[in-house]
Each structure stands twice: as structure tokens, then as C-alpha cells.
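K.L.:
Single-letter residue listing:
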Amino acid sequence: MSQRGSVLPPLVDRHILTSKTRNDVGVGAFAFLFSEIVQYSQTRVSNVSELERKLADVGFDVGVRMLELLVHREKAGKRENRILGILSFLHTNVWKNLFGKTADSLERGTSADDEYMISDHDLLVNRFISVPRDMGHLNCGAFAAGIVEGVLKSSGFPARVTAHSVTSEGLSRPKTTILIKFSPEVIERDERLGS
Amino acid sequence: MSSKAKGASPGGGDRINSELFTLTYGALVRHLLLDLESPEEVNKQLDKMGQNIGIRLVDDFLAKTNTGRCRNFREAAKTIAETGFRMFLGCSAKVTQIDDKECKMVLSENPLTDFVELPEKLQPLSYCSLLCGVIRGALEQISMKVECEISKDPLKGDERFELHMRLVEYVNEEYPFKDD
Amino acid sequence: MPRDSTTLTFVIVGEETPIYECEIKAGAKREETVNYLHEFVLHASLDNIDEAIWTTQSCYLKQVDRYYDLTVSAYATSSLVKFLLLHDSKNDDGIRNFFHDIHEYYIKIMLNPFHTPTTKIKSKPFDEKVKLLAQKYLL
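Protein sequences appear in the order of chains A, B and C.
Heads up: the first sequence at position 161 corresponds to 147 in this note's numbering, and the numbers run straight through without jumps.
Just add 80 to wherever you are in the second sequence, counting from 1, and you've got this note's numbering.
Just add 1048 to wherever you are in the third sequence, counting from 1, and you've got this note's numbering.
Everything labelled a hint here was simulated from the structure, so no lab data went into it.
Incorrect hints may appear among the rest.
Claimed, not checked - One-sided and incomplete, this derived list gives chain B residues near chain C with beta-carbon spacing under 8 Å:
id, residue
1, V196
2, E197
3, P199
As the structure is a prediction and not an experimental result, all values here were calculated from the model.
No residue lacks a Cβ here, since even glycine has one placed at the ideal position from N, Cα and C.
Only chain A is shown next, with the shape it has when bound in the complex:
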């Protein structure tokens, strides 16, 4: 039974969880919508980092919801309680579901042990936006960073999450790296659980 009908039943009666993911919205629809979100957000902020924060806030809402939806679909009754578990879930399940493929890499930061990086060579949201020169270092990947932040914060792994453009040998375009810096209590707890 389709979850969508011409009549909208109350939320609790909709077949949201049992229906399969529908990959039927045109990527153009998303691109235009996202582009307009960027345009609108620009009118509400006064600098690039505020703009990125606003994009991240929109992504945050998406992340919190995707977390519950995906976990329920893929392993109902279970929760991640370790850092590697939730990161792996992000890199594999969340990415695949939202962007059509798993992220390209998941790495531990080299400069600090509370940092991790998820990279994507062709992040969906960066594919459609060309950033004018005067916006310098704006990275619309901030939206994806917000999604990651939403997943992490709501599942009990608060972190500072930012998006960066990284040029890499062998890649014709810079990749987008989502940098995740966990709060100290998350690292402490994870170490305690590991021992």
C-alpha cells in the first residue's frame, strides 16, 4: 500500500516505516530547492560562517529524523553506543540512503584523537552550487555537516562538525571532507567502554 494517498491519514496511521525508500524525486527538484535555501539564508546572515551555520541548522533537522528512520528500518530495537559504530552508520547507511552511495572514506584525524573525517568526492549538495568569488570559502557541504551533527548530537555523541574543501592528488575536483570533533565527554565515555 502506498504511503501517499490523496487523503492524508493521521501520522500514526501512515505506512512510513514499512514502505521502501522511493528514489523518484528528480535531482533537479532538490538542486533548485537547495539553491533557493542558500539564497534565502544569505538574506538572513551577515557573513559566510553564519551562512554555513544556517545551512547546517537545516541539515540538522534532517539528520535527527533520518537517524530514527534508518535505524528503525535497518536494525530496529538496537542503538549505537560506540563512536566507531555511529560513524560507520553515518558513512555507510546514512550516506547511501541520502546521497545514493556510501561516503568515500572514514578516517581518524591525524592531529587530534577527538577528530574524525568523512569524505565525499562528489557531494550531492556541492554538485549544483557554484560559489561566486566574493563568497570565498563558503562550502554548501555545511548542509551535510548539519545532517551529521544532527545524527551525532541526538544519538548522544555531541560534536562540532564542519565541511571543508580538500584538494587531493588524483582527483579532478576538491573533495568535501566533513570534519567531526567530538566533545570531551564522548571521547572519555568511549574509552571507558572500550576498556
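Knowing the structure of chain A, use the given hints to seat chains B and C on it.
P.N.:
Showing chains B and C alone in chain A's frame:
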């Protein structure tokens, strides 16, 4: 200072997870409410954003579909219903009433509202206003000035999702229309 | 046989504040003070729940607290929204199933863009589902 959509025809054959779209739109509406506070202001903003999208979307649509320019309101309405919604939102719309100046179309499904329920205090919110703006903006680009509103809204308890379009005028005198 | 002297109370807590409460069954001798006692017991359990959450990958946390003859059983969703049930009889399977099914309904509620972790759940259909599930698994 603006960001432009670029890249190989965004309106093309690629499809994405409708949930990403649904949730992103929902987040946008929620944040608009936080910024603007009044549902009426949000309606206006969504409509305006839709119009901006509609203006850019037409070229993309025409490039991808080989439908050729619609010559009149009827053709435009039918194209929107039969091809436009399918291409962008993955859902179909049916024209239920049409003449040279007005039409109604019903969407059998609407990815924008999949997870949505309007709280009591937000009843004045016209959640899908963006769609009306898109249609207006798009038709403006092909010389038709139209009005578009959501005439039946399931989020407000109606039994279907229905759009009502009305032709105000052809902007270009080259396309006269009959007065019946 | 349903007991008629104690209360079965279900609470959903999102980020420290209760967003939904339901007295599934009220006993014949119930007074206002009993109601406050239940609230106190349920909220005092939150610390125990926060600890229990990290020791397991299961959403179902089983019994997390006791107060005289009353037990608090708990469940934490992936976004750490907590379900608490205050009860007096042992019913592990029933409670686990109850929580699991409620979780599904909760997800549908929270996907709504207008719902946040602190939004009170006022949906009548949701309320009805809770009562139906309680009937099915707990009573």
C-alpha cells in the same frame, strides 16, 4: 552576490531519495517559521522562493523534455500536470477541470507532505505554497501571467490536494485568447 | 485478571522533560499524592537510565529502578528519547513489545517537521494507539 545552480542539467534523469527532499523541505518550512514567526509571512516567502525556482526551472524542463514551448494556457496546464510533476516530484497530477482560462489539477501524491501534520496553531500555514510559486514563475517565463492557489489541502482536512490555476493575461499580444 | 489497586503509568521523556504521559490504569484507591509519587519515581529514574543507555546496544533497558513494590522499566530510542513505564507486576515480554510498537508510532510523530524533542505530543490518534497497545500487551 548569489549562488547559481550549475552542472549537467539538474532536471535530468537522476533521481534522489524522496525522503531527503521531504525532510529538507520540512526543515526549510520550520526554519522559516522560526525566522518570520507568522504563518502568513511564511506563505509569502515560500511563494516567492517558488517563483524564483519556477523562473529557472523552465529552461531546464524545456531542454530535457522536447515538449516545445506551450502555445497557450491549456497546453501549459496539461504539460505541468502530465510531465512537470512527474519529472520533478516523481508524482502525477490529473487535470480535473480545464478551459482556456482556468484549470484545476489534483495531485495523487505529494512528497512534500509525506511526514507532515499541521499543528492546530499553524492552520493558516499553506505548507505547499512553494508549488504555487513555481508554477507562476515558470509560466511567467513563457509569457503567461497566472494565479495559482491551493484550493484543497489535505493538511487542512480536505480530501485531496488540488491546485487551482487561473490565467490573468498573456503578456505577449501575439497569443490572443477567445472570450467565451 | 486486571489488578485494581495500582496504576500503570507510561511517560515519554524527550531531553529531560516529559512530552507525553498516560495513566493506563488508575486504581480504586488512587489519590493525588499517588500521582505525584509516580512522577517523582519516574523522573528519579532518569539518571539510572542515562547510565544504562551506554552499557548496551539494545533500546530496551529492562528494569532501571525500583520504589517499594513499583518498578520502572525503560527504553531509549536511537535519538535518546526515553520511554518509561511504572508498573507493579512482572511482564518483561509484554513490556518489551509495548515499547517496541510505541517506538514505531513515535517515529511517525517525530518525522513531522513541526515536532521537536521537546514538543508535547497531543495527538489523539497517538493516545488511542498507546491505549490499544497497553490493552494488547500490558493488561
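K.L.:
Against each hint, give a clear statement of whether it holds in the structure.
P.N.:
Hint check:
The beta carbon of V196/B is positioned within 8 Å of a beta carbon in chain C (closest approach about 6 Å), and the interface hint is therefore held. This hint holds: E197/B has a C-beta 5 Å from the nearest C-beta of chain C, less than the 8 Å allowed. Because the smallest distance between the Cβ of P199/B and any Cβ of chain C comes to about 5 Å, under 8 Å, the interface hint for this residue holds.
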